[in-house]
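Chains as they are written, first to last, in our numbering: chain Z, 1 to 324; chain L, 1 to 176; chain C, 1 to 265.
No lab work stands behind these hints: they were computed from the structure.
Errors might be hidden in some of the hints.
Claimed, not checked - Dumping the calculated DSS-like pairs for lysine-lysine here, alpha-carbon to alpha-carbon at most 30 angstroms:
1. K262(Z) / K293(Z)
2. K134(C) / K255(Z)
3. K39(C) / K75(Z)
4. K134(C) / K317(Z)
5. K12(C) / K214(Z)
6. K74(Z) / K317(Z)
7. K39(C) / K108(L)
8. K255(Z) / K39(C)
9. K108(L) / K168(L)
10. K134(C) / K262(Z)
11. K310(Z) / K168(C)
12. K214(Z) / K134(C)
13. K86(C) / K158(L)
14. K74(Z) / K168(C)
15. K255(Z) / K168(C)
16. K202(Z) / K218(Z)
17. K217(C) / K227(C)
As the list claims (entries may be wrong) - What follows is a set of in silico ranges between Cβ atoms, one per label pair, in the way DEER data are often shown:
18. A225(C) / K293(Z): 50 to 56 angstroms
19. I8(L) / V73(C): 37 to 43 angstroms
20. G121(C) / P170(L): 29 to 35 angstroms
21. R220(Z) / Q55(C): 28 to 34 angstroms
22. S133(C) / P170(L): 26 to 32 angstroms
All figures in this text were calculated on a predicted structure; none of them were measured in a lab.
Ideal Cβ positions, reconstructed from N, Cα and C, are used throughout, including at glycine.
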Amino acid sequence: MDTDFTADLTIMEEGTEFIKRVTSGGVLPMITSCSPGWIKYIEMYYPDLLAHLSTCKSPQQMFGALAKTFYAEKKGIDPANIYSVSIMPCTAKKFEAQRDELTDSGYQDVDVVLTTRELGRMLREIGVDWDSLPEENYDDPMGLSTGAAVIFGATGGVMEAAVRTVYEILTKQPLPDINLTPVRGMEGIKEATLKVGDLDVKVAVAHTLGNARKLLDKIRAGEADYHFIEIMCCPGGCIGGGGQPIPTNLDVRLKRIAGTYKADEELPLRKSHENPAITAIYEQFLGEPLGEKSHKLLHTFYVPRGVYSKPEGLPDKVPSDDHH
Amino acid sequence: MGITLREIVYDIGGGVEGDKEFKAAQTGGPSGGCIPAAYLDTPIDYENLAALGSIVGSGGMIIVDEGTCMVDLAKFYLGFTQDESCGKCSPCRIGTKRMLEILERITKGLGKEGDLDLLVELANSIKASALCGLGQTAPNPILSTLRYFRDEFEAHIKDKTCPAGICKMPRKGLKS
Amino acid sequence: MATVSLTIDNVKVEVEQGSTILEAAKQIGVNIPTLCYMKDINAIGACRICVVEVQGARALQAACVSPVAEGMVVKTNSAAVRASRKMTLELIQSNHPQECNTCQRNTNCELQALSEAMALGDIRFVRPAQSHSKDDIDNSSPSIVRDPRKCILCRRCVAVCEKVQGVKCISTMNRGFETVVAPPFNQSLNDVNCAMCGQCSLVCPTGAIVEVDDTGKVWRALDDANKHVVVQTAPAVRVAIAEEFGMEPGTLAQASWWQPSPPRL
């Protein structure tokens, strides 16, 4: 099955959370929470800013929680017998999967994480002939996805995917231009202002922790008037992740980004909220975005760590009233 | 400047203690080199010392007599520079260690044919490729002792003897 | 743009002022071998593989950090240069475990490739001391394994951690032959401010920093008849996995895409 399915789901939850924050005076700017290296970094270096993070789990962890609940139920499998493997471009995902709190299915939601390199090794071990592999679709019920999910892999992609959905939910109008080009590309920090109905939504996108730091310092100083920020830990976003094939250099990153947007363009559906499998899972299992079941399975809290030890005066977890 | 090594050693210094034979003058500190008795009458200046394979360097001068083993002396100085290597560039970080290892083997009577060639090759390479002055001059004690006292090195390797009687060699008849 | 003209391997070349010899040589198609250099991230002249002969200079110069000068005459492949590079490589290999066949980076290792290209023969040192042993391997982290035995101290990982990520959880410690890249006070990677991003593993020229290999766990689960293995693949994997099979970066793992059909839920 496909993490892209839960990437679409992330957009539904995160988009709804964003709308709620904007309309009900929640903490802004809201910052994305998909990238586990980034999460550990903010927990260590900016524990006072954790309330800015979206409470959404990463797509990997949403998938993990659903595999041992929704999928198990659907297939009539005892979740204790499900072994959940994820293939990630990322070494920090291995750390994320082991976090104590990511066990909302009643089990460790994701059992093991392999990097792209490790998957390559496994396939070579059994002599897979790349060229003669048959084309296959991902399996249902968590295999269907949209172009919005594919672009999660490139810096700016989550922001673009979120805008495609948030705009249409808020204005109930089709988005004039589906391609949000100002947030694409390798520039360290990208900004854009988008007219969403009567609201001017100011967004920022950063990749690498060095660039993240610049935005966080702005927030700390009270100089950030953004509504929504996307931060990815690695240069270029996940396509340049620490678990990707070697070499990964600027040239390779640009080619992977090009491949990502090409895939998006070729997909019949490019907006998360148009994914019929997403509609179905809300109808059949989750209820609604930010609903009770969603809250339990798809959202999480963060742990103020500090660089050396937990800083004084901060709660044990953020949001502190979370009852996971 | 301009005064000869002999004047410094015998007139100013009062000669070698205990009337032993003058063997060499080590000039310039650990990065310097050794000058043998044949050049006692050389006037001391930058150019002359450089021509002899040494340097003025720190300005220091150590006079050694016949009781000093030149291999052991080279090892002593190299031990110092190896210890002082900062570890940034590979020729100095690893190269000084390897040169020291070879000298240690030779002074234990474990030297073998080809050691001196490798030592010279290594020394010249480090001299040319190290990042800073420390690494570039670290091989000097080896190169200058080899230049004037190669027979002493060979005695250690081929005959398993230390002419100065300093290095502990395996007893004759024992295979190394 | 102010330019400087110089001669590299008897070829006249005009380059932008402030360029390095390495960059200038590239302009005329001369690829000077490098090991510690990494464009935009690490240019420190540490490994000394990129040394070249500059007329009038006392010693060989590291091309990656030496700026060009007007009238400079450079030789990139003289006998002295080739001998020096080879000796430096032999020295590096003399403090590197000779276990390429079982290394995670076998056939994708810059040190191995360079040794092959330079036709490095036997390592001539007798029982060379090794600066680190297997006891120094740090596998405390769930994400990354650090093996100082394989480290050639190029410091690219240090540079990417500090300059790109601003985390600075690893740096060089100790000095001389004992130098090691490690977290402060030689703590475990798991106990320090490491974000586990793994960028260090991407820039490591050897197998000194690699991902934790969990493939064994997955094989065991696949072999277990009682286990129902569920697999998810991340968005960024599909544009990269083909590279593991020698394909061009950005190649999609799925060439043709599904047609929307009613979801079978």
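Hint check:
1. Between K262(Z) and K293(Z), the direct Cα distance comes to roughly 35 angstroms. Violation of the 30 angstroms bound is thereby established for this hinted pair.
2. Taking the CA atoms of K134(C) and K255(Z), the gap is about 38 angstroms. The hint is violated against a cut of 30 angstroms.
3. For the hint linking K39(C) to K75(Z), the alpha-carbon distance of about 51 angstroms lies beyond 30 angstroms, and the restraint is violated.
4. Restraint check for K134(C) and K317(Z): not satisfied, since their Cα atoms lie roughly 38 angstroms apart, outside the 30 angstroms limit.
5. Annotation: proposed proximity of K12(C) to K214(Z) is violated, straight-line Cα distance about 44 angstroms (limit 30 angstroms).
6. At most 30 angstroms may separate the alpha-carbon atoms for a hinted pair to count; K74(Z) and K317(Z) exceed this at roughly 33 angstroms.
7. For the hint linking K39(C) to K108(L), the alpha-carbon distance of about 47 angstroms lies beyond 30 angstroms, and the restraint is violated.
8. Pair hint K255(Z) plus K39(C) holds up; C-alpha atoms about 18 angstroms apart against a cutoff of 30 angstroms.
9. Straight-line distance between C-alpha atoms of K108(L) and K168(L) comes to about 6 angstroms, which keeps the hinted pair within the 30 angstroms bound.
10. The hinted pair formed by K134(C) and K262(Z) fails the criterion: a straight-line CA distance of about 46 angstroms is larger than 30 angstroms.
11. At roughly 19 angstroms between alpha-carbon atoms, K310(Z) and K168(C) fall within 30 angstroms of each other, so this suggested pair holds.
12. In summary, the hint linking K214(Z) to K134(C) is not supported, as the alpha carbons are separated by about 39 angstroms, beyond the 30 angstroms threshold.
13. Our distance criterion of 30 angstroms between C-alpha atoms is met by K86(C) and K158(L), whose separation comes to about 29 angstroms.
14. Only pairs whose Cα atoms come within 30 angstroms are accepted, and K74(Z) paired with K168(C) is rejected, the gap being roughly 46 angstroms.
15. Among the hinted pairs, K255(Z) with K168(C) is consistent with the structure: their alpha-carbon atoms are about 29 angstroms apart, no more than 30 angstroms.
16. Note on K202(Z) and K218(Z): the hinted pairing holds, with a Cα-Cα distance of about 14 angstroms set against a maximum of 30 angstroms.
17. A threshold of 30 angstroms between alpha carbons decides the hint, and for K217(C) with K227(C) the separation of about 12 angstroms falls inside it, so the pair holds.
18. Taking 50 to 56 angstroms as the suggested C-beta distance range, the pair A225(C) and K293(Z) does not conform, at roughly 32 angstroms.
19. For the pair I8(L) and V73(C), the supplied restraint of 37 to 43 angstroms holds, since their beta-carbon distance comes to about 42 angstroms.
20. Hint check: G121(C) to P170(L), Cβ distance near 31 angstroms, so the stated range 29 to 35 angstroms holds.
21. At roughly 54 angstroms, the beta-carbon separation of R220(Z) and Q55(C) lies outside the given 28 to 34 angstroms, and the hint is violated.
22. Between S133(C) and P170(L) the beta carbon distance is about 29 angstroms. The supplied range of 26 to 32 angstroms therefore holds.
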